[in-house]
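Asks: Spelled out from the first residue to the last, the chains are:
There are 4 protein chains.
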Amino acid sequence: MKRPAKLDPAEIETRLGKLPGWTLKKGALCRTFTFEDFSEAFSFMTRVALAAEKMDHHPDWENVWNKVTVRLNTHDAGGITVLDFKLASTMTTLAGL
Amino acid sequence: MKRPAKLDPAEIETRLGKLPGWTLKKGALCRTFTFEDFSEAFSFMTRVALAAEKMDHHPDWENVWNKVTVRLNTHDAGGITVLDFKLASTMTTLAGL
Amino acid sequence: MKRPAKLDPAEIETRLGKLPGWTLKKGALCRTFTFEDFSEAFSFMTRVALAAEKMDHHPDWENVWNKVTVRLNTHDAGGITVLDFKLASTMTTLAGL
Amino acid sequence: MKRPAKLDPAEIETRLGKLPGWTLKKGALCRTFTFEDFSEAFSFMTRVALAAEKMDHHPDWENVWNKVTVRLNTHDAGGITVLDFKLASTMTTLAGL
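Protein chains in written order, with this note's numbering: chain A, 5 to 101; chain B, 5 to 101; chain C, 5 to 101; chain D, 5 to 101.
Quick caveat, the hints were computed from the structure, so don't treat them as lab data. Some clues are possibly wrong.
Copies of one chain are not kept apart here, so a pair can be met inside one copy or by any two copies together.
[Said to hold, decoys possible] Straight-line C-alpha distance at most 20 Å; calculated EDC-like pairs for lysine to aspartate or glutamate:
#1 K29 x E66
#2 K58 x E40
#3 K10 x D80
#4 K90 x D60
#5 K30 x E66
#6 K29 x D12
#7 K29 x E44
#8 K90 x E44
Only chain A is shown next, with the shape it has when bound in the complex:
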């Protein structure tokens, strides 16, 4: 499967406008999700893991009990690609937001 090229800043800005809750930090799409407890947070991570493995595109993420903080970019493209926006959108849906 051909990997997508990185998006230019204008494209990123346009797409971010349609993705409320996500912000651009240090070249990555970022968001912190907050859940009721660890169990709900880890269950969310499991669903995301299944989706990410299927896309062959994985998040950089951190978990502290009920919080999951995500950074998305595409290492081998050297920036943000459509894969990151797709995963961000999937994560938003899986979090019920």
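The hints should help you fit chains B, C and D onto chain A, whose structure is shown.
Replies: Same frame as chain A, now just chains B, C and D:
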């Protein structure tokens, strides 16, 4: 931790009356949960796994894509105990039902 | 993605010969995996879940504490296909066998 | 369950000496685990999640594909406690190290 004794049939019937959606089959509390897809089913299983491990009481369960069929009894008590009702109640809540 | 056709009995027999530990029961490839405890069993299931979701081909499976019993066939092909042998092989590897 | 008190620096040093692979950084026990791929890393996280939930003591951790970076301390004790050493030891074992 002392393990509970098995409940007698009258107690089981009373408790089942307060647990809609579950039925008694061959000495076990049974229910089939249906989800949207495999991902949602497996995510539910992950939450239940965390709760079960914490209780040190685990379900007998089967998964076929979006369905999770559960049988609960307490092997070492030779019947249904309060642990089964507690796990059934937890599973019901975690399934959002 | 085009889904594969079901294999004929001779092909199944040949392929089963190369897959020690698996047996043919009621039209499905079957195996029971035994682990040390629930945690190891569920962790195995998580790895299989990731692989299955990626293949878009999922096992019928049952878990009782440290045991995972698997039945593989391809519902929409009405029999056993190469996908089942691929998943069986993956599960064997992931179980460290 | 009574929560343990934080350990003093001498105790931490003594215990760290028996826990090769872990280091002390900014008041936390730290280690990066490297796996073959995302699937193996996430499966490790699932086992740790089960153990952590059972202990009611959870790691601060970050995952980047095949790497899991862990920071352990006990927020409500304001430092490192025996729970952190217990979880560190469990994680080491579950990683097969």
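Asks: Have a look at K29 and E66 and pick one of within, between, both or neither, based on CA distance no larger than 20 Å.
Replies: both (15 Å within a copy, 17 Å between copies)
Asks: Between the shortest in-copy and the shortest cross-copy C-alpha distance, which are at most 20 Å for K90 and D60: within, between, both, or neither?
Replies: Both: 12 Å inside a chain and 19 Å across chains, each within 20 Å.
Asks: Please work out whether the CA atoms of K10 and D80 approach to 20 Å or closer within one copy, between two copies, in both situations, or in neither?
Replies: within (9 Å within a copy, 39 Å between copies)
Asks: My question is about K29 and E44: at a cut-off of 20 Å on alpha-carbon distance, are they close within one copy, between copies, both, or neither?
Replies: neither (26 Å within a copy, 29 Å between copies)
Asks: Between the shortest in-copy and the shortest cross-copy C-alpha distance, which are at most 20 Å for K90 and E44: within, between, both, or neither?
Replies: Result: close only across copies, 19 Å inter versus 22 Å intra.
Asks: Is it within, between, both or neither when you check K30 against E66 at 20 Å Cα-Cα?
Replies: Answer is both; intra-copy 16 Å and inter-copy 17 Å each pass.
Asks: With identical chains treated as interchangeable, where does the CA-CA distance between K29 and D12 reach 20 Å or less: within a copy, between copies, both, or neither?
Replies: within (15 Å within a copy, 38 Å between copies)
Asks: When Cα atoms must be at most 20 Å apart, do K58 and E40 count as within-copy, between-copy, both, or neither?
Replies: For K58 and E40, the Cα distance is within 20 Å only across copies (17 Å; inside one copy 27 Å).
In terms of the numbered hints stated before, the structure departs from hint 7 and from no other.
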